[in-house]
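Line order of the protein sequences matches chains L and G.
Using our numbering, the first residue of the first sequence is number 9, and each one after it goes up by one.
Using our numbering, the first residue of the second sequence is number 649, and each one after it goes up by one.
If you are wondering where the hints come from, they were derived from the structure by calculation, not from laboratory data.
This structure is a prediction, so every number in the text was calculated from the model and none was measured.
Glycine included, each C-beta is placed from N, C-alpha and C at the ideal position.
Keep in mind that a hint or two might mislead.
Said to hold, decoys possible - Label-pair restraints from in silico Cβ distances:
hint	chain 1	residue 1	chain 2	residue 2	range
1	G	729	L	140	29 to 39 angstroms
2	G	709	L	287	30 to 40 angstroms
3	G	726	L	145	53 to 63 angstroms
Unchecked claim - Okay, the calculated bits of chain G under chain L, using three or more residues with CB under 8 angstroms as the criterion:
hint	region
4	867 to 875
5	888 to 901
6	914 to 925
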Amino acid sequence: MAEAAVITRRPRAGARLILAGAWIAIIAVAAIFAPLIAPHDPLAQDLMLGKLPPFWIKGSEPGYWLGTDSLGRDVLSRLIYAARIALTVALAASLMACIAGSLLGVLAGFFGGWTDRIVSRIVDIWMAFPPVLFSILLVAVIGTGLTSVIFAIAVIDWTRFCRVIRAETMQQRRMDYVDSARVAGFSPLATMIREVLPNVIPAIVVLLSLEMGIAVIVEAILSFVNLSISTDAPTWGGMIAEGRVLIHHAWWVLVFPLIVLFLTVLAFSQFGEGLKERFDPVLR
Amino acid sequence: MTDALLEVDNLSAGLRGTPARLLRSVSLKVRPGEVHGLVGESGAGKSMIARAIFAILPRAIEIREGRVRLEGRDLLGMGDMARRRAAAQVAALIPQDPMTALNPSKRIEGQITERLIRIIGMGRTEARKHALELLDEVHLREPERVLRSYPHELSGGMRQRVLIAAAFAGRPRLIVADEPTTALDVTVQKQILRLIADMQQRHGTGLLFVTHNLGVVAKICQSVTVLYGGMVIEQASAAQLFASPQHAYTRALIAATPRYDRPGDSLLPVDAAVIEALRADVARADAAWNAGRRA
């Protein structure tokens, strides 16, 4: 009466995981190799070449694929360079938020009691501030610049990780295998690290991907209201702000950064969703 | 001293911060090599007794009074960690739900050998060899491959076999099985039950079998404790209990159990008057206990 052979099945990587991953890879390559890829200096102005349309429209200039803005700066090159700032912010801010939030979330969820009460109340109070307003306020107070933006996003969004990871940890903590580890003589801390943490990591990774999309958006919003990096450094948000003024005579200055921003945020969120799908059947 | 392997003596437990008791002065004994059935409805406190032995009660529940002795050693006098350690040296637990009892992110090998390495102090290779033997003993095909698997690659029945193997690892003298078949299909239930009984007999292990199924008790247990509302209603050898149940509640439970040897018998629900009387008993016991505490 032996049992049937071991069943081994791995869920297929979804199409969305591949598509989203591909777009993130494109953006990442563009960001890393910007000086090699960009056809022009993103800051070089040439008023003679102002408001050139993209290549398929009459009046375009060869070499300026996506046209130029009112100061004659190449839109494509600026998009590529802006990816650097967007990805730097996305990575650094999300990681900071992730580490702080997950750590507190796991501790609160696992130990419960007073630890949980204190952490949860802090999160409640923190989340009562409107996030974008909070970040604008923060940047206004601590000054503009890349580090301030990163810091502002991390300071605001750690609560997102904390909430979800706390709930996830609480759920894992109730599992019988946690009791088994306790019966096997592991200390609470060892039980948390050995038994609970590995099962919470998928949730952390999914959240991290979602958070990167959010960080990109927040950075764009801060650039849009001119509270991010210095004005001439290319950012997607800054380009959108500039393009808004030109919408009637040079729509491409607005539309291309908008598309790139949209696709990037979508890619991060879909990548997160794809990861969730991939992890789910294994864990539940 | 007693010859008991496990001795629960006058154990009372309750919800922290409330006067109510959930376990009401429960006493029971499991002798070496004996199978003791712990029977009751859900909420009767069966699992709580099982968990109290291993010091893994939920935080909200506190032990108010009583003793738990394993091979004569009093467990409740120790701190939680020491208690778990002492319990683990003598006893092991087969948990209720095989789906949540194995860590999904760890291979089976680590989950079987953990106890061997930490409690028994075996080396890794020796523990692995022992684990392979155990998997073979619980009739799992391709034990090597099972050791390398993750829990999600195994079926519910296979997981329960793995958990049985893990419980018998290191030859504990007592195994506490907390409704080990409840979460399984009926067909698998029978196999798992037979497997536990076989293993128990082969190794001469004492077994505290927690269940709500009197039919199972009739099959494998030598002695029985019937629990209602955290109170011991009746305690007897299995033969005696089924031949001449003393308490009206026990009689009602037996009448409510389907029997394969008497098909066509109608099943009787437990009479409301019996439950009414039980509730009164529980209330009386609580009043007496509270009076005793105040004095």
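So, going through the hints one by one against the coordinates:
At roughly 48 angstroms, the beta carbons of residue 729 of chain G and residue 140 of chain L sit outside the given window of 29 to 39 angstroms. Checked against the given bound of 30 to 40 angstroms, the beta carbons of residue 709 of chain G and residue 287 of chain L, roughly 33 angstroms apart, stay inside it. Checking the proposed 53 to 63 angstroms range against residue 726 of chain G and residue 145 of chain L shows it holds: the Cβ atoms sit about 54 angstroms from each other. Under a criterion of three residues with beta carbons nearer than 8 angstroms to beta carbons of chain L, the stated coverage of the region 867 to 875 of chain G fails, only 0 such residues being counted.
A stretch counts as covered by a chain when three or more of its residues have a beta carbon under 8 angstroms from one of that chain; for the region 888 to 901 of chain G and chain L the count is 0, and the coverage is violated. Only residues whose beta carbon comes within less than 8 angstroms of a beta carbon in chain L count, and the region 914 to 925 of chain G has 0; fewer than three means the coverage is violated.
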